[in-house]
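K.L.:
One-letter residues, chain by chain:
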Amino acid sequence: MKNFLIRRILTLIPLLLLISFIIFGIISLMGDPFEQLRTNPRISPGDILRIQKLWGFDKPWYMRYFFWLRSMIIGEWGLSLTTPGKNALQVVSFKLPVSIQYGTASLILELLIALPLGIYSALRKYSLGDNIATGLVFFGLSMPTFFFGVVMLMTFSAALGWFPPGGFMTPGIETEPFLTQLVDRIRHLFLPVVVLALVSAGGVLRYVRTSFLEVINQDYIRTARAKGLSEKVVIYKHALRNAMIPVVTLLALSLPALIGGATITETVFSIPGIGRLLYQAIMGHDYMVVMAVLMMFAILVVLGNLLADILYAVVDPRVSYE
Amino acid sequence: MSKRLFVCMLVAVMSIGILLMPVNAQVKFTDVPVTHWAYEYISKLVADGIIKGLTPTTYGPERNLTRAEYATLISGAKKLTIIKPATPTFADVPPTHWAYGFVEAAVKSGYLKGYPDKSFKPNNPITRAEMAAVAVKARGIEKEAEGVKDLIALANDEEAVPAWAKGIITVAYRPLYQFLNYRTGRMVAANALANRAEAALIIFRLRYPPKMGGTLTIDIHQEPATLFGMLDSMSAMYQVLGSIYDTTIPSDWRGEMWPQMDKVRPTLENGKWVVYPSGKEPEITLVTGKKAKPTMKIDYELRPNLKWADGKLVTNKDVVFGTILYLIKDMPVASTDPYDKLLRIELVGDYKISTYWRKNTYWPQFGLPLYPKHWFETNVFKRTVDIPVTTDFDLFIDSDGSYLAEKSVIGNKALFDYLNGQGNAIQTSAYNDAPMNIGPYKFSKWVRGSHIELVPDPNYFMGRGLFDKVIYRFLETEGALVGIISKTLDMSLIGFSDDHAKVLRERPVKGVKVVSMPSVYWEHWTINYDDPKKLPDDPKPGTPYNHPLFKYIALRKALSYAIDRKAVSNLVFYGGREPCGGYALFSTAAKNAEVIKDATLYDPVKAEKTLADAGFKKTGGIWHTPEGVKVDFTVTTTVRADRRTQLEVIKEQLAKVGIIMRFEQVSGAILFGTLTPSRQFDIAHFAWGQNTIVEPGGYTLYHSSAIPSKANGWQGQNYSGWRNAEADKLAEIFNEDLNAKNRNDAYFKHQVFWNRDVPELPLLWWSAHTALQENLKGYDVGIDVGTHTWNIMYWYRE
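Chains as they are written, first to last, in the numbering used here: chain A, 1 to 322; chain B, 323 to 1120.
Keep in mind the hints are simulated off the structure, nothing from the lab. Hints are supplied without guarantee of correctness; some may be wrong.
[What the hints assert, rightly or not] Distance condition first, Cα-Cα at most 25 angstroms in a straight line; then the derived DSS-like pairs of lysine-lysine:
id	chain 1	residue 1	chain 2	residue 2
1	B	K791	B	K634
2	B	K651	B	K612
3	A	K59	B	K729
4	B	K619	B	K594
5	B	K735	A	K53
6	A	K53	B	K729
7	B	K651	A	K53
8	A	K59	B	K651
9	B	K435	B	K406
10	B	K471	B	K440
11	B	K594	B	K400
This structure is a prediction, so every number in the text was calculated from the model and none was measured.
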């Protein structure tokens, strides 16, 4: 296992380098960020050249890639073009905490909905409950977040006034005691978490249900039942663990969603998260921030893969890495 | 009873009923429409029964006010008990006089005085200063007025205020009182006779004084990237800076300018702005030994004793420091006009500077920038940066007019060398996150991702802002709508979308109003006069146009008549955008109403007639030029989704008159970086914006020397290739003439040529919408010109 880990981690380095090079090349196709200066008659062309030079845009893109790599390695991640005086690391770190809170809460709620409902649907296949759960799934799957989010916002915030209009905190609450802040944070994140969880729980629920149905018809389950084991033990000890294998993969691969897979929900609920940051950075040609965010995603994807491999070994005794 | 009698009686009863009906509080004066600036004050006071119209349907807002009338109003405003002594105090106000009781009451309370000869002169008019003086007494703030050291009215005629009224006028404009408005041209007009609308304002302010306190919550849609003004141009940042960062000479959306931190606005008329006659320029020797001839000299003067938010004095050295910041090498900031035209700044005392300029430019009319030098000394440089009495600007200007910092020397070389190396330290300093400025409010804190909090600055020279706290939030457009409906927000300033504005207009929410306005950006077509494959090498007026289609001005005009701008607005922007008929904003003196009317005209019949008259032929339902070229062309635009839909609509409209239009979308970098600068397009669809509301500008857009060509090294933004000698002359005037009136005349005439030759075909103004709670008072913006919070010191909640 140890050798396997070392091997895998070592292969990640060239992989990430390759990924970064490709991403940098692709976003370099966006052109330079000095469009606005060029449409301003007050600014002279020579001055634009000076500013381009300050940002390193007098060099070809592959040269700029190495400048970027250097600043990445020394931990600055490059100066942001749209946030004066800040480097990409600082810009990302402004948004990361809220994004992680939001992403984690959504993922937990998603699992809390999907796992029990999925198991229930599998055990009571074609029952009324299963049909309702399946109905909910299709509702969630087919509901676009920009619409569902706005409906929730208009209903619960505008019409009923139960929730704030968006954002992640009430201005001024930052000086209140921790508990008050926590309650305030929950009030702010409640609607967006529910929207995101409902919309994404559908997929997971279907996975759980299918995989459970597959397992439950296996011979060893029949054997377990024939042995006279209680239904509880059959389900939770024998079936659940086996049914979890594909679900674990799915979850490990959704790791990047923890920090910002929800640009649209973030926008509807005005949550200053990574998804919105990425969108704004792309629109503002802010290479450094775009690179920082995309690289974070890339790292999480490869780590998620690694994690899935490890978890296989945990849930599936047949898998071992020697 | 006969039927006829019954009907007569019924009519009689009804007429009496009408006569007996109380005077309706909603009475509408024909001469005070809802759009009148004093509408709110007049209608409220009429409803209160304090003020009456001249007739039931007219108020006479422009009519002068007499002393007797004013005494009556003051008595009403202060709810004075009417006094009718047996022997009148004044011979000319006998007990039979209609205002007898009011005059006696107002005089007894000390608000008004008689003349030494025991007369009151009830029919004499009253000046604005006198009216304000009475209001100051009635409000009981004589002490505050007496304590005023320097007159501050933020107006262009401060020197005309009589000495006795110095304190009165100053307090009259303080946020807490707001007794006076400005007359056209941002004038106090202290000695002018007051009119009835102005009296309504002052009485309203006495009866309903602006309130202090509370929290103002404003949504600005986006989180500013920085609050260091010179480093960014994000609209959200300007809204925050509008409350904490005063400038020396600001301007408003009406196009008026006034001295704010400066004492006087330098103009040619007042002699503070001198243009040396050609050949008579004085010679000065710069510190580098180089000799130079300034073409103009401008004297600026700061108001004395202004204080930064930290309590330190604002001096002229802050202005020199702020100016130098725009010119140092490693600041990622464009060294724009006018800074790159400076030759010398001389300090005169602590508040005055004399500036000398290398070239004529009107940009200095907006004053010079200033930043707190001492803040940067303490927090960035950790040393003092001394500004010498004379700072010379030996600026290196490239052959293409570009300023090059590395080859320039400013002030003494040691100072400039030092500052040139500090750009990085300055731009990464804490000034981005916690700026220290001067304004009615000052920075308090910034909770990233959530809000920026401001508090009133007690040092502010006009008196602190009226709210105890101002919160700027960064909610997206949905959150803004919900925040306004649920009253969590007092206002949503920018980013309120066309469709949401429409929702609120059509389904109004009680207590909420929507203000829709055009922006300074206008969507248009730049139409090439030349064939992109056969561009003339050195185009000049007289060089023939050679585009197979668009060399025909008739076709350009026909396109304009064939486009229904209103329909484009309705179909694409929920009717939120106004048709655009020219580059001059309609609040400015430069606009030409006749041109706008013709340029926005939708008349497909006229469009086809224009083509037929010019010899175009319609075959197979499609127009052809006299040479037989089919009118079939491509519009190039950027990838914005709304541009696609606009062009889809226009395509249909043109098809109806027999014109084939296609379009392609490319990235902005390609359109603005490659295609337009090299004139490789038939028609380019994009938006121009204006830097300021005061000047439309446009020399580099319309002058023939600004046609990008081989000869001029592809410089300039006259992408259409327009070359009209007469229009050139006018462009030279509005670019160089330093007399604002001459410039406005030139713009006015220039638009006629522009509309005749159609180098650009205007489509729609962009729009902006502000939604706000009706109880928030003071918001005053009619064009989205950047800083909506320019007068935030006067805002309060009713």
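K.L.:
Run the distance test for K791/B versus K634/B: straight-line Cα separation, threshold 25 angstroms.
P.N.:
Roughly 23 angstroms separates the two Cα atoms, so the pair holds.
K.L.:
For the pair supplied as a hint, K53/A and K729/B, confirm whether the alpha-carbon distance does not exceed 25 angstroms.
P.N.:
15 angstroms, holds
K.L.:
Within a Cα-Cα threshold of 25 angstroms, do K59/A and K729/B meet the stated pairing?
P.N.:
22 angstroms, holds
K.L.:
Hint check: K59/A vs K651/B, CA-CA at most 25 angstroms. Holds or violated?
P.N.:
Holds, because 19 angstroms separates the two Cα atoms, which is no more than 25 angstroms.
K.L.:
Given the hint that K735/B pairs with K53/A, does the C-alpha gap stay at or below 25 angstroms?
P.N.:
24 angstroms, holds
K.L.:
Keeping to a limit of 25 angstroms between CA atoms, is the pair of K651/B and K612/B held or broken?
P.N.:
Holds, because 21 angstroms separates the two Cα atoms, which is no more than 25 angstroms.
K.L.:
Check the hint pairing K471/B with K440/B against an upper bound of 25 angstroms on the C-alpha distance.
P.N.:
Not satisfied, since the Cα-Cα distance of roughly 34 angstroms exceeds 25 angstroms.
K.L.:
Under the criterion that the straight-line Cα-Cα distance not exceed 25 angstroms, is the pair K651/B, K53/A satisfied?
P.N.:
11 angstroms, holds
K.L.:
Do the alpha carbons of K435/B and K406/B lie within 25 angstroms of each other, as the hint requires?
P.N.:
17 angstroms, holds
K.L.:
For the pair we were handed, K619/B and K594/B, check the Cα-Cα distance against 25 angstroms.
P.N.:
8 angstroms, holds
K.L.:
With the threshold set at 25 angstroms, check whether the alpha-carbon distance from K594/B to K400/B stays at or below it.
P.N.:
Distance ~45 angstroms between K594/B and K400/B Cα, so the pair is violated.
Consistency with the previously given hints fails for numbers 10, 11, ordered from lowest to highest.
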